[in-house]
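Engineer: Given next are the chains, with one letter for each unit.
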Amino acid sequence: MKRQRLRFKLLAVFLFLLFGALAVYGSYSVLTYGNRWFSSIRNPRVRTQREQVIPGDILDTDGVVLASTDPEGNRRYAEDPAVRRALVHLVGDRQGHVSNGVETFQTSYLYGFQASLLDQVGDLLAGNARTGDSVQLTVSAPLTAALADAFRQHETTAGKPAAAVILNWKTGAVAALTSLPSFDPEDIGGTVDAGDKAFWNRVTQARIPPGSTFKIVTAASALDHLPQAREVTVTCSTDVLDFGGHTIGDYGGEAHGTVDLRSAFTQSCNKMFATLAMNLGAGDLRQTAEQFGFNDNFLFRDLVVENSSFPERIGSDYELAACGFGQSSITATPLHLCMIAAGVANGGVMMEPRLLQRVTSASGSQRLGFSSAEYRTCMSPETAALLGEYMRGAVTGGTGWRAAVPGLTVCGKTGTADSTDGGEPIVYGWFAGYIADEELPYAIAVVVEGLDSGTTGGSTAALVAHDAFLWLRDHRPDAP
Amino acid sequence: MSRKRQSESVRRAGRSLVAAVMLFFFSAFLLLALRDNAWQGYALAAAVPAMVWLGTYLLPRLIGGDRLLLSLTNFLCALGVLVLYDTNPAYAYHQVIAYGVGLAAMTLCIRAVQWFSSWRLLILLMAPVSLVLLALPLVFGREIYGARNWLFVGGISVQPSEIVKISLLIILARAMSRRRFWFWSLFVVACLGLLMLQKDLGTALLYFSVALLMYYAATGSLWVLAAGAAGGTGAALLGYRMFAHVKRRVAIWRNPWADYDNAGYQLVQGLMAIASGGLWGVGLGLGSPRTIPVYHTDFIFAVICEQFGLIFGLCVLAMYVALAWRGATIAMGASHSFHGLLAMGATLMLGLQTFVIIGGVLKLIPLTGVTMPFVSYGGSSLVSSMCLVGLIQGVASRNEDDLAEDTRLALAQEEVGL
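Top to bottom, those sequences are chains A and P. So the first sequence is numbered by numbering that gives the first Met the number 0: it starts at 0 and just counts up by one. So the second sequence is numbered by numbering that gives the first Met the number 0: it starts at 0 and just counts up by one.
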């Protein structure tokens, strides 16, 4: 009987553990994913509320109206068509064609789900229709419009699908975000059957091979794991590295001569980074990549971002070598690459991207203010400083020279990545960089899809980044 | 004297608890009645608190029983009626009748454990009847939600597996306390086989786990526990390989959003409801609980979370934990192996069933369609859950009698010694 009692106790403990698991898992998942579940376009509660509540306004950082509701109850978007189109993927549209735009993802504020009982009773007594909270974003409408326009100004980028994002590298605030092709939320008609994925927010949803911009990660890994990293030299001739049938060469069959890590970075020498990846091994390179956020489940509070991936299993030496310069099956979103550039600028600390500057209730009281949070530390300040020098070198005398702006300390890395889209080869041009200036702390990532032959990230994306930097230099915005 | 004073203060606390619970349900039903302006609502506002009073206050005075268990059980039952009245009044009328029947059945179970000293005859009768009951739906039943586990008698539908639960527990507790394993393990296998034929996999899983854990409690044989667990896992894997619908269930569990308009619809709607409730809930009578499929049975926990909030949902979980804790304490206090196993078995049955359904709704484990004890709509389930509590209570009052007997004997001895 005594032993039986002991076993009863064990079984009771077992039951308690099961219930503990329920409570912990339930609270964890509701607290982390709750808003994502709730704001889903499939949630019938949101649909009902939409018929009863006047949604609040969406404003940019300076108070430019991005979305509002007119007296007839129709949702209206920014007055300036250029702003409307440039920000449509960030703001969203009334039908929810764009997934997780502010219009849908911030439903709980815009449609007054956060309103207290007191507010609701007050509205009821006053006979007012219920109005949701207004949401002010950290983005600058003119900057975003200029950014979207920059793509049209260059022959090499005009008309191509593209995406660009600017973050404040100190706080993580999104200063601009645009995706092309765009559409006009006031006139959706023709877009619905357009097969060009116009509703797709390429900044947060496109998972693209990062190409040579990934060399930032490989270089950080080498600096951390290989004691001799800065002394290693590779003689880069026009010969290709042969991996039993697969070959690795440099873009356009260039030869860089004898290069060390710094010059290989500024000249974007694939052979050097293939060699580094081989020396590092899959384990160390993956570890660094994961420190930078690859393979992490991004659960940012203000933005829904596709996860970036670094292969869990690398089958061959060729694959490993290709990982060194961001090919193989590595993918990342433009937003993540911007976070990586921002991490270099911020001494190795990546900030969580934030979008909400202020949420104000209909009666004018502040419900939420801006707050910044660290995402994670991806490298030591020393490594970050060294990488910053390399990225500076790539702009002053390397592949990223077109991004340079007089009067600004621009740092960056270009990339030209090969991929396939439904069997068709497709080339992406990248630029990820930042302004090394505490007073103008902005990082940018630009990607252009389907490059013409003969063009590279340096001759496409870097041009757009240049224009954005120029705008920032001339306007010096003081966004959060 | 101090003991007396303590029990007096406990009784007073108990009285105010009953009063608070009655007030809660009275105001809740009144609110809904005012919303609908239906006489049934006012009737329930009077009837449900009265039943709570009957169950938690009067019953222990008349026939004894454990006050904590009774408070928890009655609260959960009344909560079920409340949520059902809000979502679908017709269900609530059935449920409140079942609640009344459940109170009577519970009393019967308490009495049975108090009175019966030999269960032999009863068990010899129960075993074949149980098997016949489980086989009946296969012959006469209709398929509902993919399982053939209902029986229709006159206008009433009965789920035999709920009734058999009680007899299974009594049979197992007796077999194990008397070390008669082999013959009765055949009985369990026969029950499981019939449940599989009914395609009621959730209940089969429940029967199997309870039988296994009771065997462990009786013998302490870790080998058999491990072998049983391995066998269960093996059977689950085999089922996964063999049956497409099991594979589908697992796929839905891993990512319900992949096909949220069809296969994952239930789970996704449940999660949305829980998320919409937030920490404090949207409030009783508000929200859109009816958009959750099977909101009245499998997903009633999601309805509770939407209306009352996540924190209240966690409190409901805590009530089941308190129930299980009380059940285990009573089992540990039993002086006969049979009574201990009976109370522990009933506790395990209730605890595991709650875990399986809430875990399924919260997406911790794949969803299997069992009811949430006391709360889910369903007369068979409610009555059977209350019978389980009745068995535990019967054991509790046995324990009290034994304790009193021991004290009396000890006192008598002392007197003789003097």
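Don't read these hints as lab results, they were simulated from the structure. Note that the Cβ used here is the ideal one computed from N, Cα and C, for glycine as well. Watch out, some of these pointers could steer you wrong.
Claimed, not checked - Residues on chain A that point at chain P, a partial pick, calculated with CB under 10 Å:
id, residue
1, Tyr-24
2, Val-45
3, Gln-365
4, Arg-366
5, Phe-369
6, Ile-425
Said to hold, decoys possible - Distance condition first, Cα-Cα at most 25 Å in a straight line; then the derived SDA-like pairs of lysine to any residue:
id, chain 1, residue 1, chain 2, residue 2
7, P, Lys-246, P, Tyr-264
8, A, Lys-1, P, Leu-316
9, A, Lys-8, P, Tyr-264
10, A, Lys-8, P, Gly-231
11, A, Lys-169, A, Lys-1
12, A, Lys-1, P, Trp-222
13, A, Lys-8, P, Lys-246
14, A, Lys-8, P, Leu-316
15, A, Lys-1, P, Asp-400
16, A, Lys-8, P, Gly-192
17, A, Lys-8, P, Val-223
18, A, Lys-8, P, Leu-204
19, A, Lys-1, P, Ala-403
20, P, Lys-246, P, Gly-192
Engineer: Confirm or reject each hint.
Structural biologist: Outcome of the hint check:
1. Tyr-24: holds, 5 Å
2. Val-45: With a minimum Cβ separation of about 8 Å from chain P (threshold 10 Å), the hint on A:Val-45 holds.
3. Gln-365: violated, 20 Å
4. Arg-366: violated, 14 Å
5. Phe-369: violated, 23 Å
6. Ile-425: violated, 26 Å
7. P:Lys-246 <-> P:Tyr-264: holds, 16 Å
8. A:Lys-1 <-> P:Leu-316: At roughly 30 Å apart (the allowed maximum being 25 Å), P:Leu-316 and A:Lys-1 break the hint.
9. A:Lys-8 <-> P:Tyr-264: Given pair A:Lys-8, P:Tyr-264 is violated - Cα atoms ~40 Å apart, limit 25 Å.
10. A:Lys-8 <-> P:Gly-231: Holds, because 23 Å separates the two Cα atoms, which is no more than 25 Å.
11. A:Lys-169 <-> A:Lys-1: violated, 64 Å
12. A:Lys-1 <-> P:Trp-222: holds, 20 Å
13. A:Lys-8 <-> P:Lys-246: Between A:Lys-8 and P:Lys-246 the Cα gap is close to 36 Å, so the pair fails against 25 Å, i.e. violated.
14. A:Lys-8 <-> P:Leu-316: Holds, at roughly 20 Å.
15. A:Lys-1 <-> P:Asp-400: The hint holds at about 20 Å.
16. A:Lys-8 <-> P:Gly-192: violated, 31 Å
17. A:Lys-8 <-> P:Val-223: Answer holds: A:Lys-8 to P:Val-223 is near 19 Å, not above 25 Å.
18. A:Lys-8 <-> P:Leu-204: holds, 23 Å
19. A:Lys-1 <-> P:Ala-403: holds, 20 Å
20. P:Lys-246 <-> P:Gly-192: holds, 20 Å
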